[in-house]
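Construct the entire structure; sequences and hints are all you get.
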Amino acid sequence: MATHILAIDTATEACSVALWRDGEIFTQFAVSPREHTQKILPMVEQCLIDAHLDLQHIDVLAFGRGPGSFTGVRIAVSIAQGLAFGANLPMIGISSLLTMAQGAYRQLGAKKVLVAIDARMGEIYSACYELKPDGFWQGAESEAVLKPEQFLAKINGLSGQWAIAGTGWSAYPILRTTNLNLLESGISLPDAQDMLLLALPEWQQGKTVDAEEAQPVYLRNEVSWKKLPGR
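All residue numbers for the sequence shown refer to my numbering, where the first residue is 1 and numbers rise by one.
These are calculated hints, taken from the structure and not from any lab test. In this text, a Cβ means the ideal position worked out from N, Cα and C, and glycines have one as well. Just so you know, not all the hints are guaranteed correct.
To be verified - If you anchor each label on the Cβ, the simulated ranges turn out as follows:
id, residue 1, residue 2, range
1, Pro42, Ala2, 22 to 28 Å
2, Ala30, Gly135, 27 to 33 Å
3, Glu35, Ala171, 19 to 25 Å
4, Leu41, Gln138, 33 to 39 Å
5, Ala140, Glu45, 29 to 35 Å
6, Leu182, Glu141, 40 to 46 Å
7, Ser32, Gly109, 27 to 33 Å
8, Asp22, Ala171, 37 to 43 Å
9, Lys147, Val209, 16 to 22 Å
10, Ala153, Thr37, 36 to 42 Å
Unchecked claim - Calculated pairs, DSS-like style, for lysine-lysine (alpha carbon to alpha carbon, straight line, at most 27 Å):
id, residue 1, residue 2
11, Lys112, Lys39
12, Lys147, Lys111
13, Lys154, Lys207
Here you go:
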């Protein structure tokens, strides 16, 4: 049976859309801070046009649930919900951090990935992931908002070679003082195309939510986000 998955992410400075049509991937990606609301729907439309599909042909809608920019995460959830309501689609929320780990795997075949993105206010959203032989990533429980020094102490307890992804490594050079062997992945922001392979097994196992149940993940409460200018 044909499987069609639409994925949307605006959790960071990046704005991306991807579509899975029976193993073929169509993508749109742009780094466009503060322009997500203007760009995301035309990008969705372009992916549908490229794949010769209508929204009614989509089986499930995956969205970047965060963590990330408070405004960006809200945009992704609200746009995805609007599309899902309109076409009566189930939804799957995908971690922005895990999406970058999948990107590192796509780029390098990396099975051990440290992800850190700048969360502002001297903190990072971080996680440590390992791809297991069964094809599933382990490490969701490691997702946290931490001071760079806290994450450094955490990863110094690991060993071996780890790929790195996210803007946190350039924003906080102290992270690179770890005793680990770090491998650059070239992945600094999440890309919706990497959400597709994460969403596919979720869809196959029936792990979806109705549009009204779709929830963002901030890792940080809303009150502290209000301190951020322009957010």
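For each hint, the structure was consulted:
| no. | hint | verdict |
| --- | --- | --- |
| 1 | Pro42 x Ala2: 22 to 28 Å | holds (25 Å) |
| 2 | Ala30 x Gly135: 27 to 33 Å | holds (30 Å) |
| 3 | Glu35 x Ala171: 19 to 25 Å | holds (22 Å) |
| 4 | Leu41 x Gln138: 33 to 39 Å | holds (35 Å) |
| 5 | Ala140 x Glu45: 29 to 35 Å | holds (32 Å) |
| 6 | Leu182 x Glu141: 40 to 46 Å | violated (22 Å) |
| 7 | Ser32 x Gly109: 27 to 33 Å | holds (29 Å) |
| 8 | Asp22 x Ala171: 37 to 43 Å | holds (39 Å) |
| 9 | Lys147 x Val209: 16 to 22 Å | violated (32 Å) |
| 10 | Ala153 x Thr37: 36 to 42 Å | holds (38 Å) |
| 11 | Lys112 x Lys39 | violated (33 Å) |
| 12 | Lys147 x Lys111 | holds (25 Å) |
| 13 | Lys154 x Lys207 | violated (31 Å) |
When held up to the earlier numbered hints, the structure conflicts with 6, 9, 11, 13 and fits the remainder.
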